[in-house]
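2 protein chains.
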Amino acid sequence: MSRERLYLFDTTLRDGAQTAGIEFSLEDKIAIAGMLEEIGVDYVEGGYPGANPVDTAFFDKPRTRKSIFTAFGMTKRAGRSAANDPGVQGIINSAASATCFVAKAWDYQVELALGSTTDEHLEGLADTVRAAVAAGKEALIDLEHFFDGYKANRTYALACVHTALEAGARWVVLCDTNGGTMPSEIRDIIKDVMTIAPGDRLGIHPHDDTGQAVANALAALETGVRQIQGTLNGLGERCGNANLVTLIPTLVLKPYYAERFETGITPEHLARLTHISRAFDDRLNRAPARQAPYVGASAFATKAGIHASALLKDFSTYEHVPPESVGNERAIMVSQQAGKSNLLTALARHNIELEKDDPRLEKLLATVKDRESRGYSYDGADASFAVLARRVLGTLPDFFDVEHYRTMVERRHNAMGDEITVTEAVVKIRVDGELLMSVAEGNGPVNALDQALRKDLGKYSSRIEDLELADFKVRILDGGTGAVTRVLVESRDGSGERWVTIGVSPNIIDASFEALYESITYKLLKTEAAQDSA
Amino acid sequence: MSRERLYLFDTTLRDGAQTAGIEFSLEDKIAIAGMLEEIGVDYVEGGYPGANPVDTAFFDKPRTRKSIFTAFGMTKRAGRSAANDPGVQGIINSAASATCFVAKAWDYQVELALGSTTDEHLEGLADTVRAAVAAGKEALIDLEHFFDGYKANRTYALACVHTALEAGARWVVLCDTNGGTMPSEIRDIIKDVMTIAPGDRLGIHPHDDTGQAVANALAALETGVRQIQGTLNGLGERCGNANLVTLIPTLVLKPYYAERFETGITPEHLARLTHISRAFDDRLNRAPARQAPYVGASAFATKAGIHASALLKDFSTYEHVPPESVGNERAIMVSQQAGKSNLLTALARHNIELEKDDPRLEKLLATVKDRESRGYSYDGADASFAVLARRVLGTLPDFFDVEHYRTMVERRHNAMGDEITVTEAVVKIRVDGELLMSVAEGNGPVNALDQALRKDLGKYSSRIEDLELADFKVRILDGGTGAVTRVLVESRDGSGERWVTIGVSPNIIDASFEALYESITYKLLKTEAAQDSA
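Those sequence lines, one after another, are chains S and V.
Reading the first sequence from the start, the letters are residues 1 to 534 in UniProt numbering.
Reading the second sequence from the start, the letters are residues 1 to 534 in UniProt numbering.
Check each hint, because a few of them may be wrong.
A few chain V residues that don't get close to chain S, going by computed Cβ distances all over 10 Å [to be verified]:
1) 25
2) 38
3) 65
4) 153
5) 197
6) 209
7) 279
8) 468
9) 471
10) 497
11) 507
Ranges of calculated distance between the beta carbons of each label pair, as one might list FRET restraints [unchecked claim]:
12) 192/V x 93/S: 40 to 48 Å
13) 436/S x 419/V: 32 to 40 Å
14) 266/V x 95/S: 50 to 58 Å
15) 200/V x 264/S: 41 to 49 Å
16) 66/V x 401/S: 50 to 58 Å
17) 412/S x 455/V: 49 to 57 Å
18) 3/V x 261/S: 53 to 61 Å
Simulated from the structure, these hints should not be mistaken for lab results.
Glycine residues also receive a C-beta, built at the ideal position from the N, C-alpha and C atoms.
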């Protein structure tokens with residue numbers, strides 16, 4: 001079967017900038033354009049030159065090499081020509097090689113929002129497209145409110161499509177601006193549009209207000225449309241746009257689409273997807289969604305014991321695509337439901353090899369279950385699992401013992417009469433029989449304990465120099481009679497590795513100390529292994 | 001048009017428990033079952049009695065009144081009868097009124113995972129269903145791997161459906177266990193299944209591995225299936241299940257579905273949806289997804305520019321459904337005007353009446369914005385908002401001042417050589433010029449501070465006697481150099497009212513103390529109002 005070309009259009013830097021709480025700097029935009037090229041999208045819509053200083057500066061020069069650099073803007077205002085509209089001219093004269101102008105395909109909106117007539121608006125659309133084409137740009141038209149407009153006035157909505165194509169637009173993009181259209185409506189309406197327009201000049205711009213932006217994009221593609229607009233991680237106004245990070249693997253890996261459509265995405269692009277999705281969240285300073293399709297940390301994670309044992313026999317029957325194809329990893333977690341095979345996999349991850357009938361396995365399983373019933377949860381605290389396993393198996397070195405600790409927080413007025421808070425911690429540990437005592441201040445009791453604990457670890461001190469606390473999470477668990485506190489500590493070191501340890505206690509300080517202690521123990525285990533192999 | 005009944009089946013407490021990082025306590029399960037009844041689902045699948053102590057305890061007695069209380073489990077093992085299978089009997093003898101047994105509809109999986117023959121497996125399925133029906137239970141069968149199984153061996157997959165119905169199963173649920181099936185495949189396969197099974201005995205259990213669980217559920221419904229399985233906020237193994245919080249409004253509010261299908265959801269259920277979705281995340285100690293369809297904080301939020309001004313002219317043309325129908329709110333982020341009217345609504349909730357042009361309103365708006373930029377978040381801490389508003393408006397009584405506090409946690413060995421932790425707090429406050437000093441122990445520094453603070457409030461002591469700490473949550477904001485700790489304290493009193501206060505500081509103790517202090521202040525405001533009106 002000869003495959004038709006499908007084009008992917010990214011609007012992270014334009015519609016994505018409408019996301020609540022998102023504000024891109026010029027440096028952000030440059031970096032994100034680079035990320036988009038790394039995953040192989042065809043178009044990068046960079047923003048709205050003239051609308052704000054960042055977007056104007058971004059369009060000073062070309063910012064992409066392989067993807068088509070696209071500028072967004074409004075079609076010309078009523079009462080002046082495109083040649084005399086400074087907004088339109090700003091876009092046409094930018095460094096973009098394609099322009100995407102927005103027009104309204106809902107007659108009521110033209111009158112309500114623009115205070116213009118539908119005829120004037122159609123004429124503005126045509127004039128703007130002609131001006132862009134005359135300036136040598138590839139011209140796209142976003143038809144805002146297309147689906148709602150079609151339902152209200154089919155004739156006017158279709159006239160917009162026709163006028164744009166006649167004027168020379170390469171693409172007419174049908175926008176589900178309010179995001180409320182169902183896949184079945186998308187199919188029916190596009191079928192009708194295709195009586196006047198070829199699919200290879202139509203695009204779809206869905207929103208996720210009913211959780212179906214991806215499904216709407218695919219429904220449009222199946223009906224005939226050949227351009228899909230979306231964003232990285234589904235960023236965008238309100239509930240966001242179609243998530244390209246979800247769509248791309250489906251288009252490339254699922255036979256139905258792969259057999260019919262050719263994209264610009266190579267296997268190398270695809271293998272970068274997990275990394276780019278997470279790097280993008282890092283740049284936005286948000287935690288990546290664990291459950292994100294294909295790229296989430298949980299996307300190939302199995303918890304259930306019954307699934308895990310079969311999974312080990314044949315991965316392919318429990319995974320709809322291979323995790324490595326999108327640069328992700330398989331994870332089999334330890335939890336209350338876990339069986340022995342989960343445990344063996346988890347142990348192997350830490351280079352602990354045991355036979356399936358080793359009696360210590362039973363003991364470890366019982367210990368994990370007992371601790372999880374008391375509030376521990378090892379599927380998010382793999383480093384604590386590694387420490388626990390070695391303790392139960394009798395292979396944990398006796399690095400150091402904690403004899404005593406104390407922490408104090410005091411709020412008082414200083415000599416100047418200002419309110420101040422002083423936090424201090426004292427830790428007494430024993431390393432090889434030697435008693436070491438340290439004191440430190442911190443900006444909270446856990447931070448002070450952490451500082452004091454790491455101040456002097458005797459002969460181990462040099463091995464934890466690059467250890468850092470990356471995150472700290474607390475949850476109160478209602479254990480029935482008495483509430484307990486669960487603390488998760490995320491640490492990292494110079495190698496870039498991150499690991500999570502857990503502590504559980506009625507006392508938040510004890511729980512935190514336990515997690516800190518296990519983090520250091522894990523780091524010492526790591527460096528021990530490195531020293532052994534050196 | 002006469003409408004057909006569509007049933008909603010929730011599996012948050014079973015498949016949702018497979019989510020990485022989620023571990024439900026018995027109290028969690030009881031509370032979540034209550035939430036599910038509040039939004040009107042037909043079935044609540046509570047877990048797998050016999051699989052772990054929590055699930056076994058949960059099925060000791062009926063836990064729902066309106067929804068059908070359902071137990072999950074495996075069909076009987078080969079080589080014994082259902083009557084002699086302790087797993088099957090445990091489920092049948094639980095307090096559940098319906099049972100959902102899982103069987104495998106993919107021949108390869110039967111051999112691979114169970115090491116059983118397909119004939120034995122079919123016989124086990126039938127025997128188990130008959131045993132459940134004989135015991136007076138409503139019997140459901142989950143056909144695991146149904147869609148992949150159908151593609152591999154259509155005859156065996158359909159034989160599973162036929163066998164289950166023949167044996168008396170009320171529902172046969174078609175599971176997309178690996179989550180990789182496309183909506184078009186769902187349609188084609190279900191069309192074929194319906195040649196041997198009526199749609200009103202078929203269910204669908206989709207997973208979100210391609211971001212289409214909601215679309216797959218709707219595709220199945222449109223093809224004829226009359227039961228949809230999903231979870232709160234899309235919890236579930238790997239990428240999660242179909243999100244019922246997204247599906248429910250679509251089914252009830254979108255004309256295409258509302259005209260064809262009747263559900264158990266009333267407008268009152270629907271109006272609780274945003275609250276329940278967020279309360280559920282609170283219980284899991286995770287931040288609600290801002291971009292969640294219908295219920296997210298951004299779902300009806302409009303940012304700068306072209307949309308906001310038209311939106312103000314006619315909301316309905318910019319919102320696919322009215323936000324209040326799902327208990328959510330419209331937010332227009334740039335409009336100072338909208339900011340003020342939101343604020344007036346919030347103030348009215350606390351019986352604070354201000355004129356729209358009162359200059360103090362501007363000051364309060366600026367204060368809220370400034371504090372939110374520093375990490376406060378008043379959406380979830382309405383009691384702190386009430387206290388802040390009165391402080392800015394100059395109407396907060398001067399109940400008491402805190403002069404000094406100190407808390408100390410010490411881990412040491414006692415005289416018996418046992419490791420013990422001692423926690424103590426001292427608080428010095430001033431009430432009407434009188435200095436009151438209290439000391440208390442606690443099972444953690446925050447608990448000790450809470451005890452000490454409330455020990456002696458002078459003339460106010462009697463007014464806080466029924467105040468209790470209900471919950472305590474901690475989140476670290478902005479993991480970077482300037483990390484701050486955000487503490488939310490939930491309190492309750494004898495009236496049954498619950499309120500949430502917030503504290504933000506680099507020091508967890510200061511943040512906690514701030515939230516405790518505001519909780520007591522709120523309680524005193526409450527009792528002040530009661531005394532005034534008495």
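Evaluated hints:
no.	hint	verdict
1	25	violated (6 Å)
2	38	holds (19 Å)
3	65	holds (22 Å)
4	153	holds (13 Å)
5	197	holds (23 Å)
6	209	violated (5 Å)
7	279	holds (15 Å)
8	468	holds (12 Å)
9	471	violated (6 Å)
10	497	holds (20 Å)
11	507	violated (4 Å)
12	192/V x 93/S: 40 to 48 Å	violated (58 Å)
13	436/S x 419/V: 32 to 40 Å	violated (18 Å)
14	266/V x 95/S: 50 to 58 Å	holds (56 Å)
15	200/V x 264/S: 41 to 49 Å	holds (46 Å)
16	66/V x 401/S: 50 to 58 Å	holds (56 Å)
17	412/S x 455/V: 49 to 57 Å	violated (19 Å)
18	3/V x 261/S: 53 to 61 Å	violated (38 Å)
In this structure, the earlier hints numbered 1, 6, 9, 11, 12, 13, 17 and 18 are contradicted, and the remaining ones agree with it.
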